[in-house]
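Participant: Since the structure of chain A is provided, determine the placement of chain B on it from the hints.
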Amino acid sequence: MNVIVEREKSLVELEARLAQLRERDTASGELRALETKVEELRRDMFGRLSAWERVNMARHPKRPLASDYLAALDAFDELHGDRHFRDDPALAGGFAKLRGRRVMVLAQQKGSDTKENVRRNFGMVSPEGYRKAKRLMELASRLRLPIVSFVDTSGADPGIGSEERAQSEAIASCLLALTRAEVPIVATIVGEGGSGGALAIALADHVIMAENAVYSVASPEGCAAILWGDAARAPEAAERLRLTSADLNTFGIVDEIVAEPLGGAHRNGPAFVQKMLDAVDGALSRLDGLSGETLREARYMKYRRIGAWRDETGERAVALP
Amino acid sequence: MPPIPEWLRLRRDKSVQPEDASLWQKCPRCNEMLYRKDVAANQWVCTRCGYHFRMHAYDRINALVDGDFVEIGTEILPGDPLAWTDKRPYPAKLEADREKSKLTEAVVTGFATLDGFPVALGVMDFNFRGGTMGTVVGERIANLLEEARRRRLPCIIFTASGGARMEEGMLALMQMAKTTQAVERFMENGNPFITVLTDPTTGGVSASFAFQADIIIAEAKAAIGFAGRRVIEQTIRQKLPENFQTAEFLLEKGHIDMVVERHDLRATLVRMLDYAVDRRRLTPALKAVPEFALQ
Chain A
1 MNVIVEREKS LVELEARLAQ LRERDTASGE LRALETKVEE LRRDMFGRLS AWERVNMARH
61 PKRPLASDYL AALDAFDELH GDRHFRDDPA LAGGFAKLRG RRVMVLAQQK GSDTKENVRR
121 NFGMVSPEGY RKAKRLMELA SRLRLPIVSF VDTSGADPGI GSEERAQSEA IASCLLALTR
181 AEVPIVATIV GEGGSGGALA IALADHVIMA ENAVYSVASP EGCAAILWGD AARAPEAAER
241 LRLTSADLNT FGIVDEIVAE PLGGAHRNGP AFVQKMLDAV DGALSRLDGL SGETLREARY
301 MKYRRIGAWR DETGERAVAL P
Chain B
1 MPPIPEWLRL RRDKSVQPED ASLWQKCPRC NEMLYRKDVA ANQWVCTRCG YHFRMHAYDR
61 INALVDGDFV EIGTEILPGD PLAWTDKRPY PAKLEADREK SKLTEAVVTG FATLDGFPVA
121 LGVMDFNFRG GTMGTVVGER IANLLEEARR RRLPCIIFTA SGGARMEEGM LALMQMAKTT
181 QAVERFMENG NPFITVLTDP TTGGVSASFA FQADIIIAEA KAAIGFAGRR VIEQTIRQKL
241 PENFQTAEFL LEKGHIDMVV ERHDLRATLV RMLDYAVDRR RLTPALKAVP EFALQ
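For the protein sequence lines, the chains are A and B, in the order given. Letter 93 of the first sequence, counting from 1, is numbered 93 in the working numbering, and no numbers are missing. Letter 192 of the second sequence, counting from 1, is numbered 192 in the working numbering, and no numbers are missing.
Next up, chain A with everything else stripped away, as it sits in the complex (with noise of 0.2 Å):
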């Protein structure tokens, strides 16, 4: 059950009482006063999440999904298969042209019903899929193309399969690739983050993340149920863990954040696609014309950076903004 769907279905009766009064007359007293009203419902309801909310909208059934944002760009051509085992469709990869430039195209992809979601394995990536994501990077960087990666998966897949194919050293690799690519590196978090599956494809000089999308080390039913045995404790877990956008922001793991309408992305899913796009075009245009080293450098010391430790002599210790 998701919270915010269920949230939402109190505003339903309102809005539909809403398009019948807008049908009739565009004026009225009446009209304006529900516009009124109902604006005030969704100011409360959407107005200040809490990190739970948050999770809950990172994973509402109509937000936008990769494929959503892989059709808004100019151009797309999908680029198949690990070359060694199979095709794997939670996540997909290729060729593209965002606002006119050239560049390689990363996504994990959920499905937008049961169906393809089953086909897709609710994006969760297993080994090959990572292994195409890395074939795909390291071409990028042969041919001096931006990477742009767009995330949103609930984790690597936890599979037999996945473990047999070594899923360690899938991601381990993916992580090498995106160290050595001699090209920027955008990656946004545009849904759910889930821990190193995400990463995987998120190493990035530039990380945009969208306002309620979440980025977690653990998700927050497995984390409550390590801690306390009781995955329904998932709400406060998802508190602790820090995994929204500002949390994020502050601690430098996240550059830049994309401010969804009020109720969510998927209020006006198109619009906000298009934010997103322009927002990964301008981190590029920021990164265009910086060579491969110093690239390298820049990225080598930003994670290089990341974390909080005190050091006993005092010299060194790197504390939280």
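Rather than coming from a laboratory, the hints here were simulated on the basis of the structure. Glycine included, each C-beta is placed from N, C-alpha and C at the ideal position. None of the hints are false.
Residues on chain B that point at chain A, a partial pick, calculated with CB under 8 Å:
| hint | residue |
| --- | --- |
| 1 | Leu77 |
| 2 | Glu184 |
| 3 | Gln212 |
| 4 | Ile232 |
Facilitator: The following block gives chain B in isolation, referenced to the frame of chain A:
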């Protein structure tokens, strides 16, 4: 074997026994009651059935190196960036683990020689927060790889980890990216990076530096994987076969170079170093280390 350099004699950390150590230790595999001293003398391998107990980082270092071990990174200590509390506050958990394990964090890093080969050596310890990787583990590992690179030394890291440390949230996850940066730079210096995966090696550690090494050795019977066994069983709703995610299973599937019994580890590592490292390059490396030791 070349003589142990003087600087290596300067510092040596003694083997630490947990305070609650009783005289006897039961083997979980053959149920034999073992005299603790005998097991310790046998590198924590059951004297009856060969079961490998999890080993304390300093015991492992002592069993491995020629003489002394110069530890670095001890000034890098954990903070509490998320002000984390679950059943207990994070700082209290850290304090309890410091008491229990006599360690300052889940990894010990430093320099030593193995049969005369100077190496940078990192050893993770499951006794401290389940070997989880938080900022300090990431920082010490990255630091070790950077120092190894600067000194042109091979680097060997023993892993034992439950994954990323939840109490440090995303800052812990980012240590995968941090260690990767250091691994990538290290690899430019022409020296081998060797990991020895011990029981257990999972999650964020296996999906970063553990599986980025040039040579990956696994200790016999060690549990190694990405997702934890329980997570997979819950996902697929069936019991997993006994040998699933064991070192032997990984060897069969082609994920690692070799499975080695604990008693053969040192000799194996020395052979690997002998193949991979040009002995003529040792002299400058040895010279480089004392400067550091005296700093």
